[in-house]
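Undergrad: The lines below spell out each chain.
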Amino acid sequence: MATSLVSSCSGSHSTLDPAGPEAAKVAQLFYVMLAGGAVIWIGLVSVFIYAARKKHQHTEENAGRVILWGGAIIPSVILCALLSYGMWLMPAIRPWVPDDQSVRRIEVTGEQFWWRVRYLDEADGIMFETANEVRIPIGEPAHFSLKAADVIHSFWVPSLGGKMDMIPGRTNPLTLTADREGTYRGVCAEFCGESHALMAFTVRAVSPADHEAWLAERSASDPQDAEGLAVFLNNGCGACHAISGTAANGRIGPDLTAFGERGTLAAGTLPHTAEDIARFVAHPGEIKPGVKMPHFGMLPEDDIKKIAAFLKELR
Amino acid sequence: MKSFIPREVESLWTLFTAPTVWAIHFVGCYAAVAVYCAKAATLDFSFGTVRLALGGFTVVALAVIVLSAWLAWRQWGFGAGDPPHDEPTRKARTLFQGFATLLLSGLSFVAVLYMAIPLILIAECQR
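Those protein sequences? They're chains A and B, same order as listed.
Residues in the first sequence are numbered consecutively from 1, following the numbering used here.
Residues in the second sequence are numbered consecutively from 1001, following the numbering used here.
Among these hints, one or two may not hold up.
[To be verified] Pair ranges (Cβ atoms, derived):
1. A/L233 <-> B/F1047: 50 to 58 Å
2. B/L1012 <-> A/A72: 23 to 31 Å
3. B/A1123 <-> A/A149: 28 to 36 Å
Keep in mind the hints are simulated off the structure, nothing from the lab.
A virtual CB, placed ideally from N, CA and C, is assigned to each residue, including glycine.
Let the hints inform the model, and build the full structure from the sequences given.
TA: If you want it as structure tokens, here you go:
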């Protein structure tokens, strides 16, 4: 049982298995608070036992002293200590980059129920757009600008740090650093509608060299499967979805450029297989209630398969 | 010489003095830091100055609360009688009010101290 308890704390989606300095501080805060809570609990139970002993009659003066110290002074001091500790950790949990400092930012916009991701250059110009997957280089801070398009969402990658709300009309900055390569799961941490629980994303932390190579490659995508692309365009998919280098330039739904290299489908809802892509294209609302995409189950099955195969291999 | 401290405290208002000081201190600290951090680029003094000024404000707030506590203690008869002071007499009511004011002053003192912790530990504008 101990093994299963310990192993359940690790993984790609755990605050207790930190993969970066900010997350490590959050985990440290948790353990210190846990220890503090345990000490308080033991102390409290001891006082209960002491107070309930029948052997000793407590004088009124004595009882008043226990209440004053145990009920007011000691809790105030402990709370002060825990509060101070949390405050002291705060700057490390939320590294702050002044607005006027020019850094490359990744703009993530929460939408019902997916994530629009834009890689910006130093001048805040859009390099390219993608969705539901963020790549960051390890060992250097990734600066996020968090926005919301419709309702309040919250951006949370437990393995990399604390959560940050995404509020319509505001841009909230968040800096996260990954110090080891890996794939980490992120979620929406603020209830945003019926498919809130199906609004996840993936963070891939790769070496800085790989990241630079990916940025360069991603800025110039070139779809190969001409037949699949034709079916995709003929059925109007391009009205909502964009694929860079093609006539598909819709901005309503997730950008599908290089969709084939993503690990999941429909914002972390389904595995990335051709069958699941076909299933989602045919009946998105059944898989993800409340989704804006209309169902395309009326298309010939062959067309749906071609679209799925095209998307699965899209680089 | 006439003392500036009122001789007798008969008003219910004294009960609220300490919590009111806490509330003013709370809003003052929040508003000052929020306004400073929103306008930091256009102001020619540092965040350290704001923290120092609010530190002074905190000392003043604590002093007023201590004064309020001392008045309450006096009203309570310097702790001569024991609570609960629940007889239906004017004297018991005065003592009860003094005791309640003293407790509220203690609570407000601690709350103001807690409010001052971020002033010590947060050294820059963060969002």
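Undergrad: Against each hint, give a clear statement of whether it holds in the structure.
TA: Do the hints match the structure? See the list:
no.: 1; hint: A/L233 <-> B/F1047: 50 to 58 Å; result: 55 Å, holds
no.: 2; hint: B/L1012 <-> A/A72: 23 to 31 Å; result: 24 Å, holds
no.: 3; hint: B/A1123 <-> A/A149: 28 to 36 Å; result: 35 Å, holds
This entry satisfies every hint, going by the numbered hints stated previously.
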